[in-house]
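Novice: Work the whole structure out from these sequences, hints included.
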Amino acid sequence: MKITIDNKEVEVDPGTTILETAKKAGIEIPTFCWHEKLDVYGGCRLCLVEVDDLPKLQLACATYVCDGMRVKTNSPKVIKARKGNLEFLLINHPLDCPTCDKAGECELQDYVFKYGSDKKRFKEKKRRFIVDRSQTFDDLKIGPQIIRNQNRCIICARCIRFIKDIAGEDELGDFNKGYRSEINSLPEIPIANQYAGNVVELCPVGALTSKAFRYKIRVWLTKKIESVCPFCGDGCNLFLWVKDNRIYRVTSRRNDKIDEGFLCDRGRFGYDFVNHPDRLKTPLLKENNDFIPVSWEEAFETIAKRFEKIKKDYGPDFLAGVGSPKLANEDNYIFQKFFRTVIGTNNIDHRVNIKNPLPGSDFKDYKNFFGMSDSIEDLENSDLIFILGCDMNLEHPIIALRIRKTQRKNGTFVILANPKRTKLKNIATYELLYKYGTEVAFLNGILNQIIDEKLYRIEENKIRELKDWVKEYDLDKVSDITGVPAEKIKTVAKFISQKERVIFLLGREIILHHQTQDVVDSVNNLILLLGNGRKGSLNLLWEYNNSCGALDIGILPDRLPGYLPVNDLESKKRFENFWKEKLSEKPGKSFNKMLEAILQGSLKAMYIMGSDPVREFPDRNFGLKALKKLDFLVVQDIFLTETAKIADVVLPGASFAEKDGTFTNCERRVQKLKRGFKPLYDSKADWEIICELANYWGSDFDYPQAKDITSEIAEVVPIYSGFKCEQIDENRKRLDLSFEKEKVRFKRADYKKIPDDKEYPFVLITGNTYYHFGTLTQKGENLNSIVSEGFCEINPEDAKNLDIFDGDLIKLESLSGKIEIKAKLKGNIQKGTVFVPINFEKIRYNLLMDKDKLVDRVRIRKS
Amino acid sequence: MEKILFKHIDFPEQYKIDVYIKNGGYIALSKALKEFTPDDLIEMVKKSNLRGRGGAGFPTGVKWGFVPKDSPKAKYLICNADEGEPGTFKDRWLLEKDPHQLLEGIIISSYATGAHLCFIYIRGEFSFGAKRLKGAIEEAYQKGFLGKNILGTGFDLDIILYRGGGAYICGEETSLMNSIQGERGLTRLKPPFPTSAGVYECPTVINNVETLSNIPHIVLNGPEWFSSIGTPTSPGPKIYSVSGHVKKPGNYELPMGTTLKEIIYEHAGGIKDNKNLKAVIPGGISTPVLTPDKLFAKMDFDSMCDVGSMLGSGAVIVMDETTCMVKSAQRMVKFFEHESCGKCTPCREGTYWLSRILERIENGGGEEGDIQLLLDICDNICGKTLCPMGDGAIIPVLSTIENFREEYEYHIKNKKCMVTPVRRFD
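Same order as they appear, the protein sequences are chains C and S. Under the working numbering, the first residue of the first sequence carries the number 9, and numbering increases by one thereafter. Under the working numbering, the first residue of the second sequence carries the number 109, and numbering increases by one thereafter.
Please keep in mind that the hints were generated in silico from the structure rather than gathered at the bench. Take the hints with a grain of salt, since some may be wrong.
[To be verified] Here are the simulated EDC-like cross-link-like pairs (lysine to aspartate or glutamate), alpha carbons at most 20 Å apart as the crow flies:
#	chain 1	residue 1	chain 2	residue 2
1	C	Lys131	S	Glu467
2	C	Lys64	S	Glu514
3	S	Lys298	C	Glu58
4	S	Lys442	C	Glu132
5	S	Lys521	C	Glu132
6	C	Lys172	S	Glu291
7	C	Lys85	S	Asp499
8	C	Lys413	S	Glu309
Specialist: In structure tokens form, the structure reads like this:
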């Protein structure tokens with residue numbers, strides 16, 4: 009269709025609005041209530057334009073173009089309307105720009121400057137929403153991080169629409185009507201959902217500001233640095249707003265492929281660990297159980313001397329390195345290169361929080377452990393999203409938003425199968441609550457049901473074997489094991505088999521599962537069974553910001569970068585040629601095996617970079633015992649972590665804001681983060697420390713900048729080939745994993761019965777919380793102002809039986825230890841289970857865990 | 109004219125179903141369901157040229173025709189009983205005194221439009237009316253006029269009586285639908301129009317109480333009979349609610365096109381205390397005020413347009429010579445300021461500003477240039493709001509300035525009213 013807009017001819021598709029057409033033509037039409045990611049609202053009336061010869065001006069945001077339409081965006085009529093509209097908005101708007109946080113980036117300010125009138129005609133008294141007469145600015149705290157100043161509000165309702173439509177919450181609304189309309193939360197119910205911070209960014213004026221940023225700095229004095237969120241695996245794009253070595257705030261750097269311009273509060277407010285005063289400032293050396301600050305020289309000398317000696321006395325395999333899924337690809341790459349070339353061992357791992365890390369070295373089929381086979385965007389092209397063992401809002405809040413979006417816009421069906429009730433339940437078609445650890449039985453039950461009712465589309469002869477395996481999983485038995493009603497399994501089996509494009513999302517529960525392999529196989533069996541023309545895909549959502557990167561880059565005992573087996577001669581040669589060093593072909597030890605080796609005396613020294621196994625390993629006693637037995641332990645981190653406390657040398661690394669590099673998110677999109685300021689105090693970027701150590705040792709690690717490492721990764725790591733550092737941001741591409749897609753066949757997976765334990769009746773589930781992620785966020789003030797304390801979620805009925813009330817201090821006890829914790833009664837926890845967050849240093853959840861137990865169980869005692 | 113809608117309005121216990129039936133009620137329903145197809149009924153109403161009595165005067169049959177026949181979605185009928193336009197009190201009588209006439213109209217209209225669920229959105233303040241309607245609905249269910257298989261014809265209909273919360277804007281159809289859905293009464297963008305995506309995004313027909321009450325009579329007596337009443341372009345009977353400075357305020361059912369003069373002087377008994385007439389608002393306060401020289405004008409949709417006003421809801425507000433027009437404008441704008449939903453800028457902020465200026469002038473603080481400013485603010489509101497309320501809100505200002513500019517000037521100059529004594533409305 010041809011449209012003429014301000015005498016410019018534009019070609020657009022039907023169904024385009026005038027506003028979109030104008031954008032295409034490069035013509036600005038001012039808007040307030042319109043937002044690309046929100047539904048059209050039509051409230052602000054600023055985008056009125058003249059259309060053809062219609063007597064009334066038309067809304068550019070809501071009027072669809074038709075062929076031959078003639079639009080004027082700057083006729084005298086339009087200009088007058090705009091002026092009038094901005095005047096209306098200004099009559100009651102306070103002129104407190106000098107103290108308003110939004111000044112400098114305020115849309116009202118900008119539009120008035122551009123389109124407004126310079127005459128003042130309003131002589132009446134301005135409307136005020138007085139909160140407290142003694143206050144000058146009528147500020148009202150409506151959430152732990154959100155401050156409202158209603159006087160400045162222009163009622164564009166972006167905030168309300170975001171909270172309601174996008175986040176699916178009900179915490180924010182408009183109250184009163186007409187000129188007394190105000191945005192507010194309900195009394196006693198603050199706006200504190202995990203996406204609340206977005207309203208501050210969405211607000212075009214200074215009506216909603218964040219406690220974290222208020223009155224800290226004028227926005228124009230800060231510098232905007234492109235970065236990537238350092239917490240969960242979603243990899244949202246950020247802007248860091250920095251000045252003088254300090255981050256003042258974080259906003260979204262919209263990437264429609266991932267975050268669509270929204271962040272969760274962990275990413276938005278969790279940045280303040282970076283400038284925390286407890287940051288490690290210099291290298292530390294332990295002498296007589298005390299740390300003394302030393303120079304880098306001294307630290308390197310000690311490390312080199314001790315490592316050298318252990319290597320000489322026992323051999324290189326008596327040393328081990330632990331990388332981190334939280335650090336950049338560059339850090340991890342250099343780390344594994346150091347261990348493989350300078351030390352000469354494959355004892356490298358990063359999976360410190362997994363009891364039995366899969367895949368093992370004997371494991372051929374890596375395909376399903378790579379992460380997601382679909383992209384986050386692909387979720388919108390599915391008919392059914394099946395979420396298994398994943399509390400999406402806790403683990404991947406931005407993927408949760410995308411699921412909400414596709415449910416709302418495309419009517420995609422959502423099935424939740426979890427051991428606890430999760431937040432997405434209000435959009436789920438079916439919610440299945442199974443008993444913890446019974447996934448395999450549950451999936452086999454569905455398989456059996458599909459076969460029973462002949463709902464599959466695959467040839468009969470191909471499923472003969474499968475039929476035999478799963479026939480023992482009849483409805484009644486499965487229902488008995490899983491606790492899911494038989495009728496529901498039946499309905500869901502039928503429902504799944506009717507859908508064409510099914511995406512399975514598997515979360516933390518499955519990654520940490522005692523039967524990870526079997527769960528994945530079962531899901532694969534299901535996909536195959538549905539098969540024939542239908543598309544199903546399996547996605548394992550890795551937890552951390554760079555979990556996928558750490559795997560890709562070879563922080564694995566049995567795989568070189570790019571998953572090439574260490575014992576494969578061709579692969580080994582490839583890297584030997586490149587690194588000009590001989591490599592060991594002996595697979596190394598995974599982290600849990602390293603700990604065992606220490607106790608057996610076959611591992612003497614360890615270098616831990618960016619991980620805190622004392623806090624994270626699912627058996628604290630065992631982990632601590634082993635690590636303490638080491639002859640020599642080096643810990644490189646940004647804080648004196650619990651692991652660092654038992655180290656012999658501690659090296660201060662740099663946070664994500666202080667270094668260049670790349671993260672690979674859970675859908676395996678490689679993204680660049682840029683350095684906001686130089687490493688604080690006397691710290692160094694992690695890759696730089698390793699390089700300097702290697703060079704001190706006499707190697708030649710010649711990487712002047714992080715991007716030189718990125719280039720090397722692109723050159724040497726097969727699956728990263730073709731990525732050039734400069735291109736990463738432009739392409740925003742995902743890695744193509746087709747290289748190892750092998751034909752999947754049915755694989756037998758049987759349910760392993762979890763033994764009952766009358767003494768310790770409660771199953772312990774751990775995980776992140778809405779406001780904290782991993783171990784770092786708790787350092788900062790911002791998120792602590794929302795939640796600062798750990799709690800044990802417990803089913804109200806269980807609590808009643810134990811005579812426990814909300815907020816009571818209780819003791820959780822297992823065979824291996826006990827912790828004291830506050831009880832929080834929550835109906836979303838199934839009876840017989842308790843949930844304990846992993847984010848709080850004081851809550852030593854792993855004290856309750858035993859590495860040899862399939863499932864950790866506890867009992868509850870009143871304190 | 110023989111009374112039609114009000115024929116039995118004063119009949120004792122007309123609100124009871126037995127009395128209503130004795131007086132010839134529910135015959136039209138039986139006729140409509142048994143003798144006509146829905147399409148026949150739509151054609152019939154189109155032919156009768158019945159125009160909506162809520163204010164806009166849109167042809168009812170045409171509106172019904174917009175409902176998509178092939179839509180897989182449920183279809184709904186809403187009876188708009190949120191009678192809130194100041195000066196209007198006709199629907200109140202109809203639903204308090206003859207609720208079954210309305211219900212009969214609703215059932216026939218639902219059948220015609222394919223609705224199996226009807227909402228009656230009744231103004232929150234009409235508690236007595238709501239009680240009467242509730243009783244009437246119960247009676248209708250008992251007699252089999254509502255519920256499953258009505259009169260054995262296989263047609264099902266349920267009615268939900270929904271009481272509003274007292275917002276004027278909820279009389280506007282899109283806010284009304286939001287209100288029914290349990291949301292705030294904010295207006296929605298149009299398009300989509302209710303007939304394609306209305307309440308719960310389903311095709312919805314919204315008609316006024318008086319409009320629906322006419323339906324049984326059209327079915328009984330035929331469209332030709334109906335269009336023989338009133339004027340050719342605005343046929344049928346009309347209830348005029350007369351209030352203000354008249355001797356006999358009240359509801360008068362007369363043919364469409366009765367002149368203002370006849371309504372005021374013959375039916376409402378003329379001006380109170382035999383004072384002189386100063387101004388008439390013909391159709392509720394969102395219609396422009398008329399001066400006595402326009403009394404010849406016929407009260408129908410088109411004739412009112414010809415004299416620069418609107419028929420609106422037919423609420424005739426009469427003001428005598430003692431009325432201060434600045435004060436009246438101020439009072440009317442204050443109403444709109446209070447009732448603006450607040451969603452769109454010009455209405456929310458514009459009415460606030462107009463109201464402040466008028467208050468200032470009324471209180472003796474007027475300044476030179478205020479009239480010009482008022483007119484310019486009105487221009488900045490006019491045609492730029494989301495719903496017609498913004499346009500309605502500026503009418504009292506524009507029409508009083510146009511017709512009584514000298515009163516404004518006097519007020520601004522002398523800091524007091526031109527008329528004495530001042531009669532307070534509030």
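Novice: Has the given pair, Lys85(C) with Asp499(S), been kept, meaning a C-alpha gap of at most 20 Å?
Specialist: holds (17 Å)
Novice: Does Glu132(C) lie within 20 Å of Lys521(S) when you go C-alpha to C-alpha?
Specialist: holds (19 Å)
Novice: Is Lys298(S) close enough to Glu58(C), meaning Cα to Cα at most 20 Å?
Specialist: holds (17 Å)
Novice: Is the hinted pair Lys172(C) and Glu291(S) satisfied, with a Cα-Cα distance of at most 20 Å?
Specialist: Between Lys172(C) and Glu291(S) the Cα gap is close to 12 Å, so the pair holds against 20 Å.
Novice: Holds or violated: Lys131(C) and Glu467(S), Cα atoms, limit 20 Å.
Specialist: holds (12 Å)
Novice: Hint check: Lys64(C) vs Glu514(S), CA-CA at most 20 Å. Holds or violated?
Specialist: violated (31 Å)
Novice: For the pair we were handed, Lys413(C) and Glu309(S), check the Cα-Cα distance against 20 Å.
Specialist: holds (18 Å)
Novice: Within a Cα-Cα threshold of 20 Å, do Lys442(S) and Glu132(C) meet the stated pairing?
Specialist: holds (15 Å)
Figure legend: structure checked against the earlier numbered hints; the only hint not met is number 2.
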